[in-house]
Amino acid sequence: MTAPIAFAFLCLIIGSCYVAAVSFLTVPPENKDIVNIIIGFINGTMLGTSITYVIGTSSSSAKKDEAKKERQADDN
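Just so we're aligned: 71 in this note's numbering is position 71 of the sequence shown, and the numbers increase by one with no gaps anywhere.
Hints listed in this document are in silico derivations from the structure and should not be mistaken for laboratory results. One thing to keep in mind: the hints can contain errors.
Ranges of calculated distance between the beta carbons of each label pair, as one might list FRET restraints [to be verified]:
| hint | residue 1 | residue 2 | range |
| --- | --- | --- | --- |
| 1 | Leu10 | Asp74 | 38 to 44 Å |
| 2 | Val19 | Thr52 | 15 to 21 Å |
| 3 | Pro28 | Tyr53 | 30 to 36 Å |
| 4 | Ala21 | Ala67 | 25 to 31 Å |
| 5 | Tyr18 | Ser60 | 27 to 33 Å |
All C-beta atoms, glycine included, are put in the ideal place defined by N, C-alpha and C.
Turn these sequences into a full structure, and let the hints steer you where they fit.
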């Protein structure tokens, strides 16, 4: 597993733990707004970007590597 993919999974785990924690623990009323902002950030950027990066990079890298190998085989 490469470092960027490991980092993406780490972000997913941390984000999921935070969402689980604020879902099951009592949040003081004065902190509810900040909790909602952080959950929106996690869902909108961290999770979405991590998933898009892992899926997009994996498939495009595989196609690029195959094309590169084919060109090298043709050159030899």
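field: Numbers of the earlier hints that this structure fails to satisfy, in rising order
entry: As far as the earlier hints go, only 4 is violated by this structure.
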